[in-house]
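*Asks:* Each chain, letter by letter, is given below.
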Amino acid sequence: MSDVLSQISSAIMEGKKDDIGQLTQQALDEGLNAKQILDDGLMKGMEVVGVRFKAGDMFVPEVMRCARTMLNAMEILDPLLAETGAKMFGKVLIGTVKGDLHDIGKNLVGMMCRGAGFQVKDIGINVEPETFVEAVKEFQPDIVGMSALLTTTMRAMGDTIKALEEAGVRDSVKIMVGGAPVTQSFAEKIGANGYAPNAAAAADLVKKFMTAA
Amino acid sequence: MRTNYRIHSGIRFRTLSEDQLHALFDGTLHVMENTGLDVHHEEARDIFEKAGAWVDGLRVRIPSYLTRRSLEMAPRSFTVYARDGNPKHDIRIGPGLAYFGPGPTPPNFTDVDTLERRPFVRNDARIVAKVVDALPNIDFCESLGTISDVHPDLAASYEFAEMFPNTSKPIVAWSYGWDDGEDIHKIAVAEAGGQEAFEKRPNYIHYCEPLSPLTGSFEAIDKLIFSARHRVPVIFTPCPLAGGTAPVTAAGIIIQAAAESWMGLVLAQAIKPGLPYFMGGVLSVMDMNAMILSYGAPELSLMMAGITELSHYAGLPLWQTGGCTDSKTLDEQASLEGSLSCFFSALTGGDLCHDVGYTESGITGSILQTVMMDEAIGYSRRITRGIEVNEETLATDVIHSVGPNGHYLTHKHTQKHFQKEFWFPNLCDRRNYQQWKESGAKTMGERVIDRTRQILATHQPSPIKAETEKAIKEVMEAAEGRVKNKS
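Chains as they are written, first to last, in my numbering: chain A, 841 to 1053; chain B, 7 to 493.
All clues stand as given, with none of them false.
Label-pair distances were calculated between CB atoms; the ranges are:
id, chain 1, residue 1, chain 2, residue 2, range
1, B, 63, A, 1031, 32 to 42 Å
2, B, 18, A, 892, 43 to 53 Å
3, A, 919, B, 319, 52 to 62 Å
4, A, 918, B, 41, 30 to 40 Å
Here are the computed lysine-lysine pairs in the DSS-like style, where the Cα-Cα straight-line distance is at most 30 Å:
id, chain 1, residue 1, chain 2, residue 2
5, A, 1002, A, 1029
6, B, 492, A, 1002
7, B, 334, A, 1029
8, A, 938, A, 1047
9, B, 490, A, 1029
Everything labelled a hint here was simulated from the structure, so no lab data went into it. Glycine included, each C-beta is placed from N, C-alpha and C at the ideal position.
I would like the entire structure built from these sequences, with the hints used as guidance.
*Replies:* Laid out in structure tokens, this is it:
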């Protein structure tokens, strides 16, 4: 493996967010293409981060930093990848449903998905079903993630799915739901495609959706 | 700190110095005045503005003089009364007095018969109230769950309607908003004998929860306004996660939680000067691997001790936290985490210590955990009662009269004092091996389950008045009418 690619992997693992831009540029200068850098550099690093996190050897703030490092590299690579038309990973739209102002769980899901290489659009908290519909039309995600922390606001997840159905965009996306009171059986009841008990599981789930697709 | 043994012979415990408390107090005032808080409630923002706060969009910044004045207005000592007039079930809030009880709203419950984890149902609220009523060291009642088998909008109304007849210990009520808050209030007022009688002898407390960081949701603020207007003693308690929704440092999270609590204080005192008010809340760490709010972390106890001291420094009673665990079952971890946090909470003298019976980091309520913790609280209370020192307890004359080689078993000094000096366990087994073996060699967990089932089979709470029964029926019928056409 090229020396610069292993340096990129290490920079990801160590969360060197200020060095990654220069390393990415160096790799491009050495003639590597964007897809190689992504697959053999960035993602290699993030895979190790994922394994270490699951083993309890790394912690959320460190993983956040690694994901941030990854994003800094992607700023350079994204336009190049778009040029070649290589569709790498999926796009994830996330939001906390109507009536619910809880933020942190959704933010964790966003960062974990970004770390897994996904493009993430976060439309915030207290999101009306209609706003989800508009965002799906505009952003055209592969996956929609909905969060709720309250037993009352959980119901808005079902309302949102109905709104997506009525707008005719339900089948263009996979839907995942999460939040403390949410369960697998609730997810099935409202017609979501999946449930994730925490942010790491959410990142696994979006990957699973994309391989299945 | 009272060291005069005639008033209080308890042990002396402090985590923060005067100077540190002053720094935390000033820090809180600074955040409220300079950063401010978002209040998602238009009427509340008007009230804040009229009281002297600066309002800019959603943001409310509260000048420190206004916070100080509100602190002055709220009482440090007051009583919440047992609905049936039983003084043993009254809760007298004041320095050196600490009370314990369960917590609100986990989605799941540990079934007392099957011991399985399953969604919380209506009958569980009745079970919890009945067991709470019987336990000697549990002083107030919350349900340990959100009822799943009724219309979701009515979960809190049914919860209160089930608990109220099954315990005369004061209930800390929880509701989603105004309507169900009103259902609850109507039931309590029926028993008290009208609004005026209720105001003189309040028989429940209302629980509201702002969001961290620094946000008052519409529902939390609306409930606070309802409570203040009806003079219901109120708890306003945030649940910040250190490192997630609050600073990672203990001092930082204490300041943020105090600012969130005092936002509610200023509003409540502006509406109803002198309203009994508890600041909160649940302060703990976000586990940086499991990504949960830890209910068994040592930092919870430490942060709670810190905010208790700040609260008492500012002259307010505190909504403490303890007796809870991250364990999924009634096991050694549950015992260790729950007991240590109960003990630490007892040391701080935090006024109402809740969440006794939370397991799985607040996702599953377990009355079995509450029953086990009743023992830990009794144990802790014996220690915090301290050593009484006076002529009688020094017992030099008793020592002299027994002398070398004698014994104290039959001495009248022993007869007179042993029941008060010693703590008598209900669950901890001190018998010899043979006796333990012959009585079934039961573990602590098995004894907890036996005791819980025995209470449920035998305990009879004092009944509510006939007119309250009627009121409950009417209130719930009207509530069902309210949601008839809602999904």
